[in-house]
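Protein chains in written order, with the numbering used here: chain C, 260 to 747; chain L, 107 to 351; chain E, 18 to 244.
Quick caveat, the hints were computed from the structure, so don't treat them as lab data. Just so it is clear, CB atoms sit at the ideal spot from N, CA and C, and this is done for glycine as well. Be aware that a few hints might be false.
Label pairs and their calculated CB-CB ranges [what the hints assert, rightly or not]:
| id | chain 1 | residue 1 | chain 2 | residue 2 | range |
| --- | --- | --- | --- | --- | --- |
| 1 | L | Phe123 | C | Phe714 | 37 to 47 Å |
| 2 | L | Ser138 | E | Val134 | 26 to 36 Å |
| 3 | E | Ser222 | L | Ser138 | 26 to 36 Å |
| 4 | C | Cys317 | E | Pro129 | 49 to 59 Å |
| 5 | C | Arg424 | L | Ala140 | 56 to 66 Å |
| 6 | E | Asp214 | L | Ala140 | 30 to 40 Å |
| 7 | L | Ala247 | E | Asp219 | 39 to 49 Å |
| 8 | C | Arg424 | E | Cys77 | 35 to 45 Å |
| 9 | L | Gly157 | E | Pro184 | 29 to 39 Å |
| 10 | E | Ile124 | L | Ala140 | 29 to 39 Å |
| 11 | E | Val81 | C | Ser445 | 28 to 38 Å |
| 12 | C | Gln360 | L | Phe118 | 42 to 52 Å |
Each chain, written out:
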Amino acid sequence: MSDAHSQTSPGEAGPIHTSLKVPLLVLLAFALLHLLAASALGLIAAIQLHTPGFFAGCEYVTFGRVYPAAINELAYGWGVNAGLAVALWLTARLARGTVPQGGLLVVAIVFWNLGVKLGVLGILAGDSTTFAWLEMPRYVGPFLLIAYTLIAAWVVAVQCRGVARWLYASQWYVLASLFWFPWLWSAAQLMLVFAPVRGTVQAVVAAWFAHNFLSLWFASLGLALVYYFLPKVLGRPIRGYYLSSMAFWLFAIFTTWAGAARLAGAPVPAWTQTAGRAANFMLLVPLAIFAVNFFGTLRAGGLRALRHSIVLRFMAVAAVVFTLWMLRGVVGALPGLTELTGLTWFNTAGDYAVVYGMFSMAAFGAVYYLAPRLLRRAWPSAILIKAHFWFATTGLVLGVVALSCGGIFVQGIGLANAKVPMAEINTGMVFWLHLATFAGILLTLGHLAFFVNFFKLVLCPRHRSAAAAAPVPAVLLRPSPELQAPAR
Amino acid sequence: MNRAPLIFLGAFLVLAFSWAGLVLTNQVGYGSLAPHFDDTENKAYPAQMAGPAAQGAAVYQDLGCAYCHTQQVRGGAQGADLTRLPKWGERDSYARDYLRDTRVQLGDLRVGPDLRNVGARDTDSTALYLHLYDPAHANPAWTMPSYNFLFEQRPITGEPSPLALKVPVAAGFEVLPTPRAVALVAYLLSLKDTYDYPDESQMNTPPAPPKTAAPAKGGPPVGATSVKSPASAATDAAKPAAAKP
Amino acid sequence: MSEIPSDFDPRLEPAGASDESIQRVHAGLLHTKPEPEPGGYELTPLLLLGFMSGLILACCIFFVHNRGGFDSLVYNGQLNGAGVVSADLTPAQIIARGKSLYGQTCIQCHQPTGLGVPGSYPPLAGSDIVQGDPERLIRIILDGLKDPIMLNGNQFVTPNKMPAFAPGMPGGLYNWSDAKISYVLTYIRQDFANKADPITADQVSAVHAKIADRKVEWTMKELPTTP
């Protein structure tokens with residue numbers, strides 16, 4: 260196939276993909292490198308939880324530092340890079356706008372990643388702020404905000420240059436997330452680090468930030484991807500789409516309050532705790548709509564499609580985990596259970612579920628779809644893709660289930676019983692923490708498979724000489740079929 | 107839902123709503139809570155943190171102790187913090203307890219015991235040093251890592267130092283806490299919320315069943331006091347530290 | 018690459034729909050409710066509305082029951098500030114404060130037992146002055162008492178005379194508020210096997226207002242002798 264052909268008949272989004280290619284690949288490459296670093300740090304922390312002698316005596320790798328470093332690598336290194344990548348890609352595709360000045364965008368991306376790296380090293384050196392999901396030391400805070408704002412401004416610029424007449428559901432979530440993150444970040448940094456509020460108001464701000472970061476960045480971008488890929492792959496419209504705008508606003512309104520439920524039992528005013536718990540209950544309404552939207556569409560599209568489409572499988576896992584995560588919030592807020600689950604691994608497992616099970620799974624699926632289209636060649640190995648999917652899914656389920664079970668049945672019940680000494684809880688947790696470490700190993704193996712496949716795809720040394728002559732797969736050149744409105 | 111500016115505006119308002127409702131309301135409500143001045147004791151509570159303790163708070167923060175240890179005692183139906191032995195506190199924690207903490211580290215996961223009142227139950231600094239140096243020493247089930255990098259081995263010059271840890275060490279050497287360990291232990295020992303604030307105490311105790319037993323008839327109601335006098339606080343502190351929780 | 022991936026190659030996903038058609042179709046769907054299909058699970062807006070109303074009601078009830086009186090200092094939501102509006106100290110708290118005050122000051126002369134030191138400091142335990150007329154007791158503690166002191170036929174020569182606790186007394190070092198004075202008086206009237214009614218801050222203030230101009234200690238003779 261000739262060069263001329265690949266440019267004149269680009270399947271879908273030819274010039275858009277050309278302008279996206281470099282910034283998107285840079286974002287994804289950084290995201291993947293951070294993901295590997297997060298896996299390594301996370302594994303160290305996971306092992307230390309049941310084998311305290313592991314790296315003991317080394318100050319920089321002590322649990323209290325490795326753990327936040329791993330979390331921040333995952334959240335800001337992988338999460339924000341990958342989130343910006345999918346936001347940029349979805350916006351360019353759906354608004355049908357090209358990326359202006361891609362070179363400058365790459366500079367901003369490099370700055371963001373320098374900031375994250377510096378921040379993680381700062382945490383390892385002991386400069387953490389100790390607020391969950393916001394441990395980045397104060398000296399990188401403004402730096403990160405500026406770099407982020409530059410990148411996000413680019414995405415908005417792409418949206419403005421676009422010619423599309425409609426905004427699809429994915430775009431609501433992308434645009435809102437892009438805006439929510441700096442809003443949250445600057446408010447939390449200001450009130451916690453630069454001009455700290457006094458006393459336990461700090462805890463309120465920290466809980467407000469942590470929950471909103473998880474739901475308004477990770478969950479929201481994950482939702483954008485699921486909303487996009489279900490019709491994209493299945494060729495069917497979203498079931499009950501007319502409810503989706505209501506779901507968007509209700510989700511946003513209630514999830515922004517739900518963070519206060521993290522403070523159940525803490526020395527913050529009772530009404531704040533109760534408001535957070537009530538907001539968790541109210542999230543059942545948008546959840547019902549999401550369930551109709553996602554599972555209705557999946558069912559209508561036929562479960563057979565899951566067997567053929569790896570992208571769809573990732574999206575289905577993301578949708579299921581998201582549903583379970585929301586239900587977990589309701590369960591954890593119920594009277595009687597909130598006392599049992601408070602301050603246990605059950606809550607922590609929920610945080611991992613939304614970051615890893617919801618957002619990351621959706622982002623993996625998106626990368627499997629978009630990378631061949633950017634590079635105009637197929638993934639080098641189908642086995643590695645499948646390996647990644649199964650390692651990630653098994654690791655995710657095993658890890659979250661192990662921590663939730665241990666959190667409730669050993670830790671929660673033990674803490675509620677005055678006769679159970681703390682050492683006994685520790686002993687009881689060791690089994691579940693071993694399982695979690697095993698889950699971490701599976702996840703890391705999955706990431707390695709993804710990493711190898713991605714870099715082989717991008718660098719493709721075997722085919723470089725023949726790249727020009729390599730045929731572009733027909734799937735990438737054929738125009739996508741038209742979506743049919745359901746028969747009335 | 108077809109106008110990007112409307113989505114931005116809506117997104118801004120939604121987050122602003124929760125910020126105003128949760129953060130701002132609480133900041134206005136108790137953000138400027140003042141320490142309580144007890145005019146019978148002529149002291150303000152919570153007491154100002156002493157210099158070494160304040161340095162220790164920074165060590166506590168930089169080592170990330172808060173990832174495994176909470177600093178919040180939950181009363182009422184929440185857990186068994188007040189009933190386990192040794193107690194994790196005499197009462198549940200109040201917001202006023204945290205006014206002197208520049209960085210409030212409530213923590214959200216209990217891998218180890220709560221430390222809000224560790225200074226009230228472990229009064230022996232030697233035991234705390236040993237615990238930091240070798241946590242498995244007291245209980246092998248303990249999954250706390252060793253913080254032996256907070257200690258140093260030095261050749262004994264002249265008299266052995268009184269601070270030296272009683273741990274096996276090469277002859278002619280002794281293990282001494284570094285200034286960071288000293289500060290950290292000073293901080294841990296300073297963690298005790300033994301003073302009960304009258305306002306919070308009243309507001310968070312369920313109203314007593316209506317038995318109007320005025321002390322006028324009841325003789326000396328010493329044991330029934332809900333306010334801790336310094337004398338009784340001191341007795342509590344002097345109780346020997348029981349086995350590790 | 019040698020082989021060209023087919024449509025079902027897992028290395029490559031075919032698109033099921035173009036972006037433009039996704040947007041166009043959904044833009045239409047956003048405002049049209051599809052007919053419910055027989056057998057299909059179509060969540061009607063009515064059902065959703067009912068669910069939402071029920072949930073709102075439940076959440077409101079939950080919130081009202083656990084709002085903790087909307088007070089920033091209430092951490093136990095179920096209390097709702099019920100019965101906690103009173104700013105007064107409980108009798109037990111008053112006694113505790115009085116005991117603490119006694120321990121800081123009075124204890125040096127009157128002793129932990131309240132028995133005093135024979136010949137030097139008069140006892141409080143079983144004392145008529147302590148358990149008798151509140152006004153007399155309040156006057157003594159406000160302005161102090163000069164030697165000689167005669168009690169039940171025993172004379173006391175006090176090395177350190179009974180000081181004045183009212184603010185503004187010459188030579189007074191204590192400057193106690195009326196409330197503080199009432200705590201310690203209530204305490205001494207109810208400990209050491211004494212059994213007398215408590216003294217309130219208002220009682221102290223009333224006496225204080227009466228003798229506000231007096232700037233010297235009392236003598237035994239000046240005090241009312243009624244019990």
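Hints, one by one, checked against the model:
no., hint, result
1, Phe123/L to Phe714/C: 37 to 47 Å, "holds, 44 Å"
2, Ser138/L to Val134/E: 26 to 36 Å, "violated, 49 Å"
3, Ser222/E to Ser138/L: 26 to 36 Å, "holds, 31 Å"
4, Cys317/C to Pro129/E: 49 to 59 Å, "holds, 55 Å"
5, Arg424/C to Ala140/L: 56 to 66 Å, "holds, 58 Å"
6, Asp214/E to Ala140/L: 30 to 40 Å, "holds, 34 Å"
7, Ala247/L to Asp219/E: 39 to 49 Å, "violated, 59 Å"
8, Arg424/C to Cys77/E: 35 to 45 Å, "holds, 41 Å"
9, Gly157/L to Pro184/E: 29 to 39 Å, "holds, 35 Å"
10, Ile124/E to Ala140/L: 29 to 39 Å, "holds, 30 Å"
11, Val81/E to Ser445/C: 28 to 38 Å, "holds, 35 Å"
12, Gln360/C to Phe118/L: 42 to 52 Å, "violated, 27 Å"
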